[in-house]
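Peer 1: Chains as they are written, first to last, in this note's numbering: chain A, 1 to 341; chain B, 1001 to 1308; chain C, 2001 to 2570.
Take these hints with a grain of salt, some might be off.
To be verified - Derived DSS-like pairs (lysine-lysine); straight-line CA-CA distance at most 27 Å:
#, chain 1, residue 1, chain 2, residue 2
1, C, 2324, C, 2421
2, C, 2421, C, 2450
3, C, 2125, C, 2367
4, C, 2547, C, 2036
5, C, 2036, A, 203
6, A, 69, C, 2189
7, B, 1211, B, 1124
8, C, 2570, A, 203
9, C, 2031, A, 203
10, C, 2155, C, 2108
11, C, 2108, C, 2180
12, C, 2497, C, 2235
13, C, 2374, C, 2311
14, A, 203, C, 2547
15, C, 2520, C, 2547
16, C, 2235, C, 2036
17, C, 2392, C, 2421
18, C, 2375, C, 2421
19, A, 141, B, 1030
20, C, 2125, C, 2155
21, C, 2235, A, 203
22, C, 2311, C, 2497
23, C, 2104, C, 2125
24, C, 2342, C, 2375
25, A, 203, C, 2278
26, A, 141, B, 1033
27, C, 2235, C, 2108
No wet-lab data here; the hints were simulated from the structure.
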Amino acid sequence: MLNYTIRRLLLAIPTLLFISLIIFLIIALSPGDPTASLPLSVPAEVREQIREALGFNEPIYIRYLLWLKTFVINEPMYYLQDVFGWEYDKSINPRVISWQTRSPVMDTIVQRVPQTLWVVGMSYVVGILIAVPIGIISAYKQYSIFDQIGTFISMVGFSVPTFFTGVLLIVVFSVMIPNDSFFWLPSIYDTTLVVEDWDSFWKQVRQMIMPVFVLSLFNAAQISRYMRASVLDNLRQDYVRTARSKGLSEKIVVLVHVLRNSLIPVITVIALGVPQVFGGAIITEQVFKVNGLGQLLILAIQDGDAPTVQTLTFIFAVLIVLFNLVADVLYGIMDPRIRYD
Amino acid sequence: MTDTTSIESIAPDDLPPARSQWGDVWRQFKTHKGALIGMIFFVAILLFVLLGPWFWSIDPTYIDIRARNSGPSLLHPMGTDQLGRDTFARMMAGGQVSLAVGITAMLLALFLGTLVGVMSGYFKSLDGPLMRFTDLFLALPLLPLLLVIIMLFREPLNNQFGPEGGIFILMVSAIGITSWMQTARIVRGDVLSLKELEFVLAAKSIGTPPKRMITRHVLPNVLSPIMVSATLGIASAIITESSLSFLGLGFPPDFPTWGRLLYDGVIFIDQYPERVIWPGLAISLTVLSVNYIGDGVRDALDPRNRDR
Amino acid sequence: MRTLKTILLATAASAVALTGAWADGHSKRGKDGELKIIYWQAPSILNPYLSGGTKDLEASSLVIEPLARYNETGAIVPWLAESVPTVENGGVSADLKSITWKLKSGLKWSNGEAVTPEDVIFSWKYCTTEGGGCAQVEKYKDVTSVEKIGDLTVKVTFGVAKPFPYGPFVGAQAPIINAKQFEGCLGAKAQECTTANFNPIGTGPFVVDNFKPNDVIQLSANPNYRDPNKPAFAKVTFKGGGSATDAGRAVMETGEFDYAWNMQLAPDVLAKMAAAGKGTIESGFGTLVERIMVNQTNPSSALGEERGTAKHPHPFLTDIAVRKALSMAIDRALLTEIGYGKAGRPTCNVLPAPTIYASTANDGCMKQDIAGAKKVLDDAGWKVGGDGVRAKDGVKLSMVYQTSTNAVRQDFQALIKQWWKEIGVESELRNIDASVFFGGNVSSPDTFQKFFADVEMYANNFDGTDPEAYMSNWGCSQAPSPANQWQGNNMQRYCSKEYDAMIAKYSTTGDLNERAALAKAMNDMLMQSYTIIPLVDRGRVSARSNKLGGTVMNTWDSELWNAADWFRIK
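Turn these sequences into a full structure, and let the hints guide you.
Peer 2: This is the structure:
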């Protein structure tokens, strides 16, 4: 297993380089333009000068190599300067600069991570915590009332998009309920809030309730379906009959034997979802004004801010490769029969 | 309800002497109550969107500005929108597009996902390359990718298949090729563990060729995650379709689809809630019915269930 | 993470300390607590020279200011300058080649240092240095030098006679920036000065405490602001993000915010929000006109590289009868009512304001005339075919009608398509993502400059009150074509020698009344060619909480232009 992991990690380097190239080509080919959001009264020559100043007019391969060098060499140098005591000079080794904000892309990303993790990450954890038990019970008591209701809610939860559920919640909890009521919830997320005492913690909880609820409903719907299907499959296997006939209690049969064997598809879904957490939830973030990484990405795309899109997407790719590896390793742990070597 | 009773009354009459495999599957499927109800709903929705326009003569794009924002009435059973277009007619027309796109794109994604998943799970030599390929697709930035697709392919496809056919092909393939990866990863995971089970090893040892192994032994056993992907896939394809039309990739803006009706309705949510309820209900019902049909199919295809 | 937190805490602490200080010293500044503003497009930078986006301009107008700016009527009022120079008061030279500005005395930057003519000169240098990518270069067009004359006086010299010399240092687009702070940021270095771009030292009523790009800005009252009693608010939270609906809801329904910008919403949605009784809609009109451009060149993809160029005239839109009929079939009043409500008014001119420029010669278009349009087409020989679409000599009146993705625009498309259908003109609708449509990317076929469609709809306006540059858009040489990389604003490829002659005359005319007459004549000429079909004169709409006082809607400058005067209604 260790050998396999090391081999995969080494293999990840060329894979990621290749992925970064493809991402770059797609962004460069797509018809975005860093001056698209300027007012129409800004004349064409000025737009051209702006593109020139941003380096938009350089040939694609130069832009790619430049980005690669700044991201892979300069950024780590900047972050490790304190550790190793290097002299870091930003005029010699510039960092990846956003075209919208003219500031280092990584700084903005770092700024956005906390609110993304609070909201999107939390809703993912909540989603999993709800989905796994629901999936098990639904499968164990297939076609019971619990199962039917669970199926109904999760199907509705998945097919009604978050731009609808989010707005619905806002209308109910922020508009209809008066401002001073205990049940009133803010419709706008305050990203400047610092949690330092009970009062601010309570504020933080209140502003997280709606976005987290909306997102976890969506996440739980998906995961619980896979969980249910997988447990159902396993309950029919011969080993379950064997275990039962051995006189093991139902609790042990289900929670030890069945659960472990039915986690494989669920691990896949969960592992695929973790990078998505980092990618943010564009629509929910917009509805509640959370302004996390999803909003950063969508604004960068709309404004043709290639360095930001490239950097975010590439970090995203790194996480995907990493978590798919984690999933593969977990398969081996869950099911010792799976051998990669 | 008439559909089911007729089916049930026919079935016992002509019981074939030899039980074919598909006959068994159908018999098993029939006993699944949820699946039957799902089937009825699905057929009803299909009839509504396909045959409805024959009986309901209002043009979904016709604007009757004096009748705008009206509630449900005999003339407009589901009311009208902000321009006075009949919501009932728009639901039918929109359903045709949404169902066609949703189902086709889901099938495409499912086919690609299952193919890649089974291949890489079953053949060790393909596993590495195919999974790295999956990683690549997972990592691609969706919006710029779609914009590139529109730029490169819209005009050639329009010229080849006409505006509507071209857009349909473009949309279905765009959704299909950007949403197969999850299915592939899940199927692969299942195949990996399945491959080590005794019955597969036994079948292998008597020299069963890979093609037969996959179709007879592997595929039926990874059916449940595939069915789940199918139900979830329809829902996300219908919603994705509506977001594609905002990029200019979808059908012309006056062309209704369920996803677009839902999106357009959200802004009026507190004044005219019915505008979001109808399309929301239609999408949810479709997905629910497909889900139950999927449950039934899976149970029916499972030989262990058949003896009960 | 830890550093961020310390900064936050430190600013909070210092703010508390400062508020305490004011409470003792000055009785009025900062008395009204916190002002909360929401812009559904979040500001990404606070340096207007590096970003022309409205959101960035307006946010930065709280901090940095110009010498003079436009007030709500479009008149120029002195801001950092003592008075507005004119030929009459001797501030503008008789040959119109120079203008002399005098700063108010005793002006201070927010760090306490004095504002000097060097700062003014530097602002010009900053924007005009090669390689800086300044978005406002147009404001400094033809400026040959900016010199210091006395302790508080600067003289701007132009290379040509400028009948309208109020480009440099006027309006939110051309503010004065701190020379010391931006010293090392000239030219290509402009991109590296993150701290300065995010936290400019200014003369405005507020100072930036914390700037999170594309998210939120926290500001507090400027301790060195020139009026010791202002601003009334001690702190400002400037939140960005969401959509117009969300922002309107936050001000008018939930009452979480005080001011929301750009409420581009359907009138009945706005009316519903206003009914909650927490906020009010404010609107004002500028020069923004939603219009349909009628392509004079053939966009057929069969023409390959030469599509959309003057070599291939449009098969039927070159017939003025068709264009006239298209315009007559439109009910502008209804469009306005459905799409913009109070925030729009029907217009028949592409140059609707200021009043002295507004022509009345084309007002016949206000009334929809379907019968008349049919007659015009009949007379021109376009006969209705079996499918209800008119044709002549085998050419069918069938068009592609494109615009950007936007709910109101899609409603307009649907309505206009139906009217055109009634007169026998068929149209296929297309909507394109705004970032592609308005982006100048040469590789995309869907930009509004390439205009590979028969008609297209969008809105445009001009900065300030002088329409010279705007009216020059429709010269023959301004037509986008492969030769100029599809740049230029003459989207419909209009070309008339007469019009070009008027452009030339305009640039040499100094007298205001003559200029107005000329601009009107140019507008009429364009309108009567029906190559531009104006629809709605769009105003700015914003939402204000009923607890916020002192706002004055300004469409000629930043909406936040008088934020120093805003106060809390108790």
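Peer 1: State for each hint whether it applies.
Peer 2: These are the hints, each one checked on the structure:
In summary, the hint linking residue 2324 of chain C to residue 2421 of chain C is supported, as the alpha carbons are separated by about 15 Å, within the 27 Å threshold. A threshold of 27 Å between alpha carbons decides the hint, and for residue 2421 of chain C with residue 2450 of chain C the separation of about 26 Å falls inside it, so the pair holds. Pair hint residue 2125 of chain C plus residue 2367 of chain C does not hold up; C-alpha atoms about 51 Å apart against a cutoff of 27 Å. For a cut-off of 27 Å, the pair hint linking residue 2547 of chain C to residue 2036 of chain C stands: about 11 Å separates their Cα positions.
A C-alpha spacing of about 17 Å is found between residue 2036 of chain C and residue 203 of chain A, which places the hinted pair at or below 27 Å, so the restraint holds. Annotation: proposed proximity of residue 69 of chain A to residue 2189 of chain C holds, straight-line Cα distance about 20 Å (limit 27 Å). Using a Cα cut-off of 27 Å, the hinted pair residue 1211 of chain B and residue 1124 of chain B holds, with the two alpha carbons roughly 15 Å apart. Note on residue 2570 of chain C and residue 203 of chain A: the hinted pairing holds, with a Cα-Cα distance of about 25 Å set against a maximum of 27 Å.
With a C-alpha separation of about 25 Å, the suggested pairing of residue 2031 of chain C with residue 203 of chain A holds against the 27 Å cut-off. Taking the CA atoms of residue 2155 of chain C and residue 2108 of chain C, the gap is near 21 Å; set against the 27 Å cutoff, the hint holds. Between residue 2108 of chain C and residue 2180 of chain C the CA atoms are separated by roughly 13 Å; this keeps the pair inside 27 Å, and the hint holds. The straight-line distance between the Cα atoms of residue 2497 of chain C and residue 2235 of chain C is roughly 57 Å, outside the 27 Å bound, and the hint therefore fails.
Only pairs whose Cα atoms come within 27 Å are accepted, and residue 2374 of chain C paired with residue 2311 of chain C is rejected, the gap being roughly 30 Å. With a CA separation close to 24 Å, the supplied pair residue 203 of chain A and residue 2547 of chain C stays within the 27 Å bound. Taking the CA atoms of residue 2520 of chain C and residue 2547 of chain C, the gap is near 42 Å; set against the 27 Å cutoff, the hint is violated. Restraint check for residue 2235 of chain C and residue 2036 of chain C: the C-alpha separation of about 9 Å stays at or below 27 Å, so the hint holds.
Distance hint between residue 2392 of chain C and residue 2421 of chain C is fulfilled; the C-alpha atoms sit about 16 Å from each other, no more than 27 Å. A hinted pair counts as satisfied when its Cα atoms are at most 27 Å apart, and residue 2375 of chain C with residue 2421 of chain C qualifies at roughly 15 Å. Proximity of residue 141 of chain A to residue 1030 of chain B is assessed by CA-CA distance (about 21 Å); at most 27 Å being required, the pair is judged to hold. For the suggested pair residue 2125 of chain C and residue 2155 of chain C, the alpha carbons sit about 14 Å apart, so the restraint of at most 27 Å is met.
A threshold of 27 Å between alpha carbons decides the hint, and for residue 2235 of chain C with residue 203 of chain A the separation of about 20 Å falls inside it, so the pair holds. With a C-alpha separation of about 17 Å, the suggested pairing of residue 2311 of chain C with residue 2497 of chain C holds against the 27 Å cut-off. The straight-line distance between the Cα atoms of residue 2104 of chain C and residue 2125 of chain C is roughly 22 Å, inside the 27 Å bound, and the hint therefore holds. Pair hint residue 2342 of chain C plus residue 2375 of chain C does not hold up; C-alpha atoms about 34 Å apart against a cutoff of 27 Å.
Between the alpha carbons of residue 203 of chain A and residue 2278 of chain C the distance comes to roughly 23 Å, so the proposed pair stays at or under 27 Å and holds. Taking the CA atoms of residue 141 of chain A and residue 1033 of chain B, the gap is about 16 Å. The hint holds against a cut of 27 Å. For the proposed pair residue 2235 of chain C and residue 2108 of chain C, the alpha carbon gap of about 20 Å is at most 27 Å, so the pair holds.
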